[in-house]
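Given chain A, work out where chain B with the ligands should sit, using these hints.
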Amino acid sequence: MAGALTDEVKSAEGGFLQLHKDYLDANSLSNDLLEFNKAGIERFESLKFPHPKHEMFTFVNTREIASTEFALNPGGTCSADVVKNHVYACSEQSCLVLVDGVYQPELSDLSALAGKVELADFEKAFSDEKLKQSLVESLKKETDVFSALNAAFAKQGVFLKVLPKAQINKPIQVLLVSTGAEGKPAMSAPRFCVHIGKHAEVKIIVKTVGDGNSYFSNTVQDYFLDENSSVIFSQVQADSKESWNFSKTFVRLNQYSRFKSTHAMAGSKLTRNNYQTHLCEPGAELTMNGVSVLVDKEQVHQYIQVNHHAPNCISHQYFKNIVNDKSRASFDGTVVVDPGAQLTQSDQLINNLMLSDEAHADGKPNLMIYADDVKCAHGNTVGQIDDEQLFYLETRGLSASVAKTLLTTSFARSIIDTVEFPEVVEDLKSLLLSKLERNHA
Amino acid sequence: MLEIKDLHAGSEDTEIIKGISLTVNKGEIHAIMGPNGSGKSTLSKILAGHHEYEVSSGSVTYNGKNLLDLEPEERALEGIFLGFQYPVEIPGVNNAEFLRMAYNAKRLHKGEDEVDPLDFDEILDEKMKMVEMDHKYKARFLNEGFSGGEKKKNEILQMAILEPKLAVLDETDSGLDIDALRIVANGVNNLINENNALILITHYQRLLDYIKPDYVHVLSKGKIIKSGDKGLALELEAQGYDWLTTTTN
Ligand SMILES: Nc1ncnc2c1ncn2[C@@H]1O[C@H](COP(=O)(O)OP(=O)(O)O)[C@@H](O)[C@H]1O
Ligand SMILES: [Mg+2]
Chain A
161 MAGALTDEVK SAEGGFLQLH KDYLDANSLS NDLLEFNKAG IERFESLKFP HPKHEMFTFV
221 NTREIASTEF ALNPGGTCSA DVVKNHVYAC SEQSCLVLVD GVYQPELSDL SALAGKVELA
281 DFEKAFSDEK LKQSLVESLK KETDVFSALN AAFAKQGVFL KVLPKAQINK PIQVLLVSTG
341 AEGKPAMSAP RFCVHIGKHA EVKIIVKTVG DGNSYFSNTV QDYFLDENSS VIFSQVQADS
401 KESWNFSKTF VRLNQYSRFK STHAMAGSKL TRNNYQTHLC EPGAELTMNG VSVLVDKEQV
461 HQYIQVNHHA PNCISHQYFK NIVNDKSRAS FDGTVVVDPG AQLTQSDQLI NNLMLSDEAH
521 ADGKPNLMIY ADDVKCAHGN TVGQIDDEQL FYLETRGLSA SVAKTLLTTS FARSIIDTVE
581 FPEVVEDLKS LLLSKLERNH A
Chain B
101 MLEIKDLHAG SEDTEIIKGI SLTVNKGEIH AIMGPNGSGK STLSKILAGH HEYEVSSGSV
161 TYNGKNLLDL EPEERALEGI FLGFQYPVEI PGVNNAEFLR MAYNAKRLHK GEDEVDPLDF
221 DEILDEKMKM VEMDHKYKAR FLNEGFSGGE KKKNEILQMA ILEPKLAVLD ETDSGLDIDA
281 LRIVANGVNN LINENNALIL ITHYQRLLDY IKPDYVHVLS KGKIIKSGDK GLALELEAQG
341 YDWLTTTTN
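So the protein sequences, as listed, match chains A and B.
FYI, the numbering for the first sequence is 161 to 601, going by our numbering.
FYI, the numbering for the second sequence is 101 to 349, going by our numbering.
None of these hints come from the bench; they were simulated from the model.
Note that CB positions come from ideal geometry on N, CA and C, so glycine has one too.
One side of the interface only, derived from the structure: several residues of chain A facing chain B at Cβ under 10 Å:
hint : residue
1    : E548
2    : T555
3    : A560
4    : A563
5    : L566
6    : T569
7    : F571
8    : A572
Heads up, simulated DSSO-like pairs for lysine-lysine below, C-alpha to C-alpha not over 27 Å straight-line:
hint : chain 1 : residue 1 : chain 2 : residue 2
9    : B       : K265      : B       : K206
10   : B       : K265      : B       : K210
11   : A       : K595      : A       : K457
12   : A       : K589      : B       : K236
13   : B       : K238      : A       : K589
14   : A       : K524      : A       : K301
Next comes chain A alone, as it looks inside the complex:
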């Protein structure tokens, strides 16, 4: 056993296996959680870090993560200012704060949610044998090695149950704060799961921020929508520039449920999101909009699967990227329509705006249709600033640089304006649009 481990330490996975040993030594975990964490590390070991041609990581280079030595961050503290700065006014009484993946009751405020939700921390939730078994089982089928890695280290996440018929007007904000460690960069494994009961209507904002420089946050979030429920969702990624951010978002939609989301990305050294969505029962509707605005060497990679399992479901995807300098954006999206999923309507559109010759915007849209009566459309465009539009604005007295800023911001705003929360829209203007307000010359 010890010998096997020494050999493995030399492999890319070895550092993480050692880190996991340290994690088990440092924490006295309940047997239930231990079972889950062990299933996670086993899955991680068998999946291994992606090789350069791995189909789920076509545009993402994970070599640096595999070769970096990370520290375990005990987590649990961040300055109160960070929380104050990043909790939106609309969510002051409905916010959950996780620092390095650890839920922080003192920094959170759920007063506006009283009687409408039930919250359980991770260990408590695992005492439910059925839930634990289903999570352990689903790990055996996990294809994303980073999601398996999350399960190996997930310790203090939350389970939120929105009670059936609950109508929650104030958006629930989940604030994920990552802190950097001294010396080695820290790894954290935030995990939360939201179960939305029948006929419940809820708005959710997930914002990720950094309180420290270099870290690797590797999040998994699950959303289970029971019949006729609705989620309006907004993701704001505002991490430290020197961070690696990986996340997997799982969405399961039951009959007539609706999930409408906007994913706004400010980018970092390496940001990769994996969205696995399943329209499981008739009448479900999924709308995903996304916008990334990247400069310098920032990267954002979106990997999306939309699975139509049932007839009469609708899915829309509309993603826009603006890439400047040496930044990179990619969109790797697949829509799968199962054999019985007749009358599916699905569209997927990706528009990229390139502001520099050295930037990259890659797209891999993919349709796999196994039903015959469906309406599916997809498109992927890459373009520069339109010369005729620029000329038009200049002939009205706007300088070339003002005109370019206007054209680029308007490109991003068509997505930003779909966000339903005014505070978030304002935040995105300073987070994303301000990046476009510089001399284009």
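Only chain B with the ligands this time, still in chain A's reference frame:
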């Protein structure tokens, strides 16, 4: 005000403007007519500073300055306005916000303070009334989904807001029904006076029933082949362009 001397210009290897000379003074209205493809739009875009076209020889002087040295926005700020034959659509740019930006750019250039959205709204309302434009076009994206007529009205609205010294209107009449034509022409007539000048590019003479030119020039294959007064436009109307183009060939 404007003096074009033996201008030759084109795009890459093709010469499109093949020796045009034209002088426009304050208070004058010049109509430029000519068949499709004769270079009318190209000339107008060269005057506005489109980077796609290169001037190989000749000169353009505007109020004593070498116009060709100026960037498009400098030309605009100095009082040149181009009404486009095909105004581009710019999704995502709010029409009223854009109009205010243009208005304020001009004010700043003149050393005046910018106006805030509320004050601008009053100015905009008044100008929109003049071109009989519905207020709903304020909130729309710039030209996006506008009908041909609304696009042209929006051009004249911009002219009204920017109050140019020299306006070049490229086929502002094409694609307009008779009502829209009357509205647009009235708008233009309201905006011209003895202190500014107008170059009116048109394919048909019907616009000239509403806006009376002092001079009419016929452009063909990149050259002005005939100049005259209003009467020339009527001759063209009666006989078409053929008699001109064939006799000069
Ligand atoms: N950018 C360009 N590159 C090459 N040829 C052009 C370009 N713009 C215009 N032309 C050509 O120049 C000629 C004049 O075009 P244009 O000025 O649009 O004519 P008009 O407005 O009189 O109809 C046409 O033959 C057209 O195809
Ligand atoms: Mg033309």
